[in-house]
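Under my numbering, the very last position in the sequence shown is 354; numbers go up by exactly one each time.
These are computed hints drawn from the structure, not numbers from a lab. Errors might be hidden in some of the hints.
Across the chosen pairs, the derived CB separations fall in these ranges [to be verified]:
1) Ala-224 - Glu-138: 37 to 43 Å
2) Asp-52 - Val-331: 50 to 56 Å
3) Thr-329 - His-129: 50 to 56 Å
4) Arg-38 - Val-157: 18 to 24 Å
Note that the coordinates shown come from a computational prediction; the quantities given were computed from them, not determined experimentally. C-beta atoms are modelled at their ideal positions from N, C-alpha and C, and glycine is treated no differently.
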Amino acid sequence: MKSMAAFRLDTERLTIRPLAARDVPEFVRYRNVDVVARFQDWPLPYTVEMADELVADVERLGRPTPGHWIQLAIDHDRHLVGDIAVWLDDEGQLAALGYTVAPEQQGHNFAVEATRAIVEWLFLEAGAHRITATLDPENVASARVLERCGFEYNGTVRSSALVRGEWADDTRFSLLRPAWDKWRHRDVGPPESIELVEVSHDNVRRVCEIEVSQSQRRFVSSVAFSIADAAHPPLRDGVEVRPWYRAIVADDRIAGFVMVALADEAHPTPCLWRLLIDTWYQRRGIARRTIAQLADVLAEQGCDRLDVSFVDEPGGPERFYAQLGFERTGVIDDDGEVWASASLDEIRRRVRAA
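Assemble the whole structure, with the sequences as input and the hints as a guide.
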């Protein structure tokens, strides 16, 4: 990435530059699309006149400037795919940002790539100390963008934002320069080894410290809660569940936790009960390899399939499981979770092919 005299940041796929008059038609179009506007606070309908006024402010500033917000365009192949707003306080040490991607352009990680570039510029070029971002608590996709850039969840403030005449909750994230330095230098490649290790007196405290990102907590219980479930197993169709759980160790470091409800006479197919990968170890292929090892363990017990249940909501894990061969069974349990199933052979084949 490089910074040029006229404000511009170039990443592997994107160009970030000041919003211009030529962007107005597309900018106005996607700001009025429901899936974009529902989590934002701009007036609706968003008009050309509003965009023209915004562009005039951008032209006056030219680049991120202490004491002001500025709207920057995100280009891919010279086509506007979204925008990112940047604010600096009067001293230029505190910053804030927000981003939007046109609905047709979502799913390509453009927001992540653009946010990483702006964060790097704010810390290394502008000298910012802290960057903040706020979002709607239901905007899981936006939270994932921030988490992938190293932002930390600070909390949700109740009824704190007046949006189109109604009070709404406000979820807040922030990133400090030292935390960003640590985040960008973390290991990101696949670990050399993955082991499933028994949880013992010696490692249980560290295992219970495993934390998924804030946006994932609605989909999976904590390790401590999971171990409590294992100690006092629930009944399933009148039969007590038989838990089997292990710590996931990647290159000799505890990176996650997995728990299975083993097969029994009433339920001949085991069920993946819990799977957690710590935030600092995610996106390294650890979860896939864990399930492949789990498939080996279950095959040795005479099983040939594995079931899983999940919350069917935006940001949920269905896509991950589908990539491993899990298909919906048509069952929705009393908790509203969707059930899916895959053959152990198919799981292992897909992990090897990845």
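Problem - Ala-224 paired with Glu-138, Cβ distance criterion 37 to 43 Å - result: violated (26 Å)
Problem - Consistency of beta-carbon spacing, His-129 to Thr-329, with hint 50 to 56 Å - result: holds (51 Å)
Exercise for the section: Take a look at whether the Cβ-Cβ distance between Asp-52 and Val-331 falls inside 50 to 56 Å. Expected result: holds (54 Å)
Exercise for the section: Could you say whether the range 18 to 24 Å given as a hint is met by the Cβ separation of Arg-38 and Val-157? Expected result: holds (19 Å)
Hint 1 alone, counting from the list given before, is not met by this structure.
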